[in-house]
Amino acid sequence: GAGVSQSPSNKVTEKGKDVELRCDPISGHTALYWYRQSLGQGLEFLIYFQGNSAPDKSGLPSDRFSAERTGGSVSTLTIQRTQQEDSAVYLCASSFRTGGRDEQFFGPGTRLTVL
Amino acid sequence: QQQVKQSPQSLIVQKGGIPIINCAYENTAFDYFPWYQQFPGKGPALLIAIRPDVSEKKEGRFTISFNKSAKQFSLHIMDSQPGDSATYFCAAKSAGGTSYGKLTFGQGTILTVHP
Chain A
1 GAGVSQSPSN KVTEKGKDVE LRCDPISGHT ALYWYRQSLG QGLEFLIYFQ GNSAPDKSGL
61 PSDRFSAERT GGSVSTLTIQ RTQQEDSAVY LCASSFRTGG RDEQFFGPGT RLTVL
Chain B
1 QQQVKQSPQS LIVQKGGIPI INCAYENTAF DYFPWYQQFP GKGPALLIAI RPDVSEKKEG
61 RFTISFNKSA KQFSLHIMDS QPGDSATYFC AAKSAGGTSY GKLTFGQGTI LTVHP
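Residue numbers (our numbering), protein chains in the order written: chain A, 1 to 115; chain B, 1 to 115.
Calculated directly from the structure, the hints in this document are not laboratory data.
Just so you know, even glycine gets a beta-carbon here, dropped at the ideal spot from N, CA and C.
One or more of the hints may lead you astray.
[Claimed, not checked] Covered by chain A, per the in silico footprint, the following chain B stretches (three or more residues, Cβ under 8 Å):
1) 76-82
2) 101-111
[Stated by the list, open to error] A few chain A residues facing chain B, derived, Cβ under 8 Å:
3) 26
4) 38
5) 41
6) 43
7) 103
8) 104
9) 107
[What the hints assert, rightly or not] The calculated lysine-lysine pairs, modelled on DSS-like cross-linking and capped at a C-alpha distance of 30 Å, are:
10) 42(B) with 15(A)
11) 58(B) with 68(B)
12) 58(B) with 57(A)
13) 42(B) with 57(A)
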């Protein structure tokens with residue numbers, strides 16, 4: 001049906017709180033990615049899931065960040081004990097597969113502000 | 001380590017001009033080079049992509065030029081229009097190794113096309 005959806009669109013939280021960001025990928029897409037876009041910066045890879053394989057967590061900046069993907073569909077990115085430097089737009093993308101030149105379709109992002 | 005370097009950071013042209021955005025990469029394992037267009041409040045959307053076995057690809061007013069030996073590629077926008085005003089990101093992806101699956105992005109170029 002529709003494209004990649006993310007919720008919430010905006011999230012304001014206080015330093016030290018935990019936050020959960022949700023991503024609904026395009027139906028049928030087996031690969032799901034999380035990226036972070038800081039002000040004036042490019043997109044920074046965080047983590048990706050491909051089918052039932054172990055996720056590639058190589059981009060997670062610290063152990064405060066974690067993500068899961070339930071049932072091969074919806075994914076949740078969790079940031080524990082948020083810090084001000086976590087403020088950014090968190091983008092989710094999905095593709096039919098991970099390899100090859102399969103296009104990654106991006107959601108609109110969640111803008112996280114940590115006060 | 002920044003693996004994809006993009007320039008300029010910002011670019012202003014008049015309607016009808018031909019803005020050129022340049023990218024350089026380091027990882028010789030990269031084998032897929034997409035360009036993404038992002039409007040404010042939206043996620044990036046694939047604009048055009050190229051493989052390293054061709055030197056040029058055109059789609060409408062958008063052209064990618066690719067120089068494998070120099071490890072550089074660029075985006076040209078012919079007959080630019082105010083509606084092309086957006087942020088443009090180059091990216092790269094590899095079919096294997098540590099960059100498998102995930103996109104590595106440049107820092108982005110903010111393009112403004114004046115009427």
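Pairwise hint evaluation, residue 57(A) against residue 42(B), where the allowed Cα distance is 30 Å at most: holds (25 Å)
Satisfaction of the residue 107(A) interface hint, Cβ to chain B closer than 8 Å: Since chain B brings a Cβ to about 5 Å from residue 107(A), closer than 8 Å, the hint holds.
Take the shortest C-beta to C-beta distance between residue 26(A) and chain B; is it under 8 Å? violated (12 Å)
Does residue 104(A) meet its interface restraint, that is, does its C-beta lie within less than 8 Å of any C-beta in chain B? With a minimum Cβ separation of about 6 Å from chain B (threshold 8 Å), the hint on residue 104(A) holds.
Grab the minimum C-beta distance from residue 38(A) to chain B and call the hint holds if it beats 8 Å, violated otherwise. Residue 38(A) check fails; min Cβ-Cβ to chain B is 10 Å, beyond 8 Å.
Does residue 68(B) lie within 30 Å of residue 58(B) when you go C-alpha to C-alpha? Answer holds: residue 58(B) to residue 68(B) is near 17 Å, not above 30 Å.
Taking a Cβ-Cβ distance under 8 Å as contact, does the segment 101-111 of chain B have three or more residues in contact with chain A? This one holds; 8 residues, not fewer than the three required, reach chain A with a Cβ under 8 Å.
Do three or more residues of the segment 76-82 of chain B come closer than 8 Å to chain A, measuring C-beta to C-beta? violated (count 0)
Hint validity - residue 103(A) Cβ closer than 8 Å to any chain B Cβ: holds (5 Å)
Does the nearest C-beta of chain B fall within a distance shorter than 8 Å of the C-beta of residue 41(A)? At 6 Å from the nearest chain B Cβ, residue 41(A) passes the 8 Å test, so the hint holds.
Interface hint for residue 43(A), Cβ within 8 Å of any Cβ on chain B: This interface hint holds because 4 Å falls under the 8 Å limit.
Need the status of pair residue 42(B), residue 15(A): alpha-carbon distance at most 30 Å? Within the cut-off at roughly 26 Å; holds.
Against the hints set out earlier in the document, violations occur for numbers 1, 3, 4 and 12.
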